[in-house]
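S.K.: Make one complex out of these two single chains by using the hints.
What follows is each chain in one-letter form.
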Amino acid sequence: MKINVDWDRCTGMGMCESLAPDVFEVDDDGSLIVHAEEVPEGMESDVREAVAACPTEALSLEGE
Amino acid sequence: MTHLVVVGASLAGLRAVEAVRRDGFDGDVTLVGAEEHLPYDRPPLSKEYLSADEIADPRYREEETFAGDLDVELVLGTPATALDSAARTVAVGERTLSYDGLVIATGAHARVLPGTEDIAGVHTVRTLDDAIALRAALRAEHARRLTVVGAGFIGSEVAAVGRKLGLEVTILEALETPLARAVGERMGRALTHLHRRHGTEVRTGVAVEEVLAENGHVRGVRLGDGTEMATDVLVVGIGARPATEWLEGSGLTIDDGVVADETLAAAPGVYVAGDVARWPNALFTDVAEGTMRLEHWTSAADQGGRAARHAVDPAAATPYETVPYFWSDWYDGRVQFVGIAAGEDIEVVAGDDAQGGPFTAIYRAGDRIVGALAVDMPAEVMKYRRLIGGRKTWDDALELAEQRRRQREEKARQRAEGACT
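Note that the protein sequences, when read in sequence, are chains Z and D. Heads up: the first sequence begins at 191 in the working numbering, then just goes up one per residue. Heads up: the second sequence begins at 942 in the working numbering, then just goes up one per residue.
Chain D with its partners taken away, still in its complex shape (with noise of 0.2 angstroms):
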């Protein structure tokens, strides 16, 4: 193994490059991105990175870090546009890069509405650029009206962003039920009690028929049922789609993200990571059939480390599972799932739901505990991580949370024993 390349050059790309060098892998690496920017942290480009006053650099690594410690070669601003599997070589640009093992990792791109590419004011949330846009327009002085188009997690930090800044929001979901995929339907209405508790509005079940301009600029959307709703600014929170199309004609097997076998390997020398990546995840194949593809911080991180790994020792590949982890900060809470909402028997183990918390639910699978979902309980979480890692069972998820109830019921007479002494 001498040259490994990694396409993407984002979280995943940035840890693949990370992983190897920390191995002592001592062979060439060149690092190709899209973006002219250094890696950078994205989950705060929808939270605070929008919000706050000061903003943090979100840059991982100073460009010297790349060039010095990691001796990584940098090939940024210019994306990949071909790969033949065969011959072992990326087109970047002008250049064609040969490699000996390979990590795509070209995340996902955010999906947008058809013909408003060119309309001012529409916005999506993916990239830095996307973010440093987003904010300039919610903090314009005119900006009194924020519309947001899907309730999805994305859609709901932008809101949540809104209502922190004192716009007036409004969520438009296709839906009935806000993120009924990614968490179950009950738990779906729950968090949308979150938004409404907060004063965003939360429109279900209507579509976006048109989005309105004025001199180039949104004014408001019109609904399926012919309504007009004004606007100020509108974000398209809904959903993304994995950047593959680079890929046409490599040889590869592309079906929403590129297809992998259980080691993150898409063809020989050919490894998979972050939002791009499908491949089946054998800690849930015995409840959820098929493969999986994530667009989570922590797969990301995970599976970049792991791809660059294999790539430049696949003899020594072994099979990546995970439980998959994300979190969303909304308001002023935070909302943590772990594991996959597979089935929809949920329990709801500490709190309430009705009104959107805070709450912790889990969620079973035949006799297994598969994922937890908890609102504002920052403690819960990762303690049923561990069991659905473990692949416990049921009963022994309902033993933690009983052993958690008694716990929280001991702090909390401690803690009113001591405000009466």
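In isolation and in its complexed conformation, chain Z is listed as follows (with noise of 0.2 angstroms):
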């Protein structure tokens, strides 16, 4: 599964990094700093949540 931003959208609230931190973390700056491209192999479910909980819906996966 491929994670996609949609970076018009994301606004570095963080809510993903607090779920899959391995994955996603917010910079200094608020910027969205995105780990991996797939989502790594046992973290679907982590990932998944982190995408549910995004409250600007800036989150997707592709190829579930």
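To be clear, the hints were calculated from the coordinates, so they are not data collected in a lab. Remember, predicted model here, so these are calculated numbers, not experimental data. We put the beta carbon where it would ideally sit given N, CA and C, even for glycine. Everything hinted at is true.
Straight-line Cα separation of at most 20 angstroms, EDC-like style, residue types lysine to aspartate or glutamate; simulated pairs:
hint : chain 1 : residue 1 : chain 2 : residue 2
1    : D       : Lys988    : Z       : Glu247
2    : D       : Lys1352   : Z       : Glu215
3    : D       : Lys1352   : Z       : Asp219
4    : D       : Lys1352   : Z       : Asp217
5    : Z       : Lys192    : Z       : Asp212
6    : Z       : Lys192    : Z       : Glu227
7    : D       : Lys1333   : D       : Glu1262
8    : D       : Lys988    : D       : Glu1109
9    : D       : Lys1352   : Z       : Asp218
10   : D       : Lys1105   : D       : Asp1317
11   : D       : Lys1333   : Z       : Asp212
12   : D       : Lys988    : Z       : Asp198
13   : D       : Lys1105   : D       : Glu989
14   : D       : Lys988    : D       : Asp1317
15   : D       : Lys1105   : D       : Glu995
16   : D       : Lys1105   : D       : Asp1273
Rough simulated footprint, nothing fancy, chain Z against chain D, three-plus residues with beta-carbon under 8 angstroms:
hint : stretch
17   : 1232 to 1244
18   : 1321 to 1329
Label-pair restraints from in silico Cβ distances:
hint : chain 1 : residue 1 : chain 2 : residue 2 : range
19   : D       : Asp998    : Z       : Asp219    : 26 to 34 angstroms
20   : D       : Tyr1001   : Z       : Glu228    : 24 to 32 angstroms
21   : D       : Gln1344   : Z       : Asp219    : 17 to 25 angstroms
22   : Z       : Glu252    : D       : Gly1018   : 31 to 39 angstroms
23   : D       : Gly1140   : Z       : Glu252    : 42 to 50 angstroms
24   : D       : Arg1327   : Z       : Glu234    : 14 to 22 angstroms
25   : D       : Pro1055   : Z       : Glu252    : 50 to 58 angstroms
26   : D       : Gly1140   : Z       : Met191    : 46 to 54 angstroms
27   : D       : Leu1106   : Z       : Asp212    : 39 to 47 angstroms
M.R.: As structure tokens, this is what we get:
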């Protein structure tokens, strides 16, 4: 599964980081860093939760 | 389970119907909303929806999505008026809907100043219609002065918008320290600095005696000490009350919200979500007694899905616990809070709160970290949110703070070196 970020929508809120910190991280300037293009094995459920928790619906998964 | 009824068509209600359909629930689903509008995104309504020259459509989904993909019957523009939890029916306009599972997500109403309902220029910010009206008022050519009653988060956001639009802005707050209940006294003072730094006047410990009108339009307010202040627009941001009036006689327990158990169940087959829900959050019952009711985007989204899953399969219901999270955008900065502001043992672990930030502060109750507040330090709070959710100790939190400090220093050093070469 590929992780997509709609950069126009992302405001660096960080909900994704609190749910899947190995994949998402908010930088000091508030921009989002995504550490993996594909959902790492074993992290599917954390990443799904992170996607669902995004307040701006900036995250989506491709190839579910 | 054949029929799930969701009362309340905002975020929690939307997430409720989406969650069960994603899980493969194939019974009937009805979504009831008091407003005419399709479910829409509320947080921007007190922020960029007011300030931006071009505004995005705030609706979450198109109407076709409900009829098509979600296969949900929408009943909009008609509020539910009664619940019979024994007969399992909900009255909506002329109709009586029978349910097998029910989600109550009716949200909250903005509190108003009594007697001001018919005065033009007096606004609250809760619904899309409220925001449309306020947007026009703030942008009207003759609007020069904005007065905000209540220094809470909504009032603060509107004040920031007012400054952005070039208005003279005054906030009137009844308490001596704004936001003391939400973030504690010291941090409430720190946040007040943010306003002053941006040219917003904040007057604390003042009561609004009367709203003054002329030809049906607001012209000012009279304060408790008799002084009068002129204003062109008056925004009332004095909180919200849960929308439970339709539940009188329903058999549910109402006490500043609908009281539910740890699985969000308020009665057999009835689950609650969002601003209206009061439940024991097991994550904090050791440090803060009783139940909690949150008016946050995050919990509404979360609870909506959980409540609906429980409603269609009560046997599989599990306790719902969460680390509360809210954010608020003031001027060009962002205020973020995770956890609860229990106790007054607060340590500023980064930056300086004296001038209103940037800073990060953490909150202690007993041996635990229970909260974190950040102003303009967007990388910080979510790291603490994990500690709070994992019931970590205060020492763990201090250790993270130290680690973060070293990381920030390292980055600053690298930036400085990069600038020299």
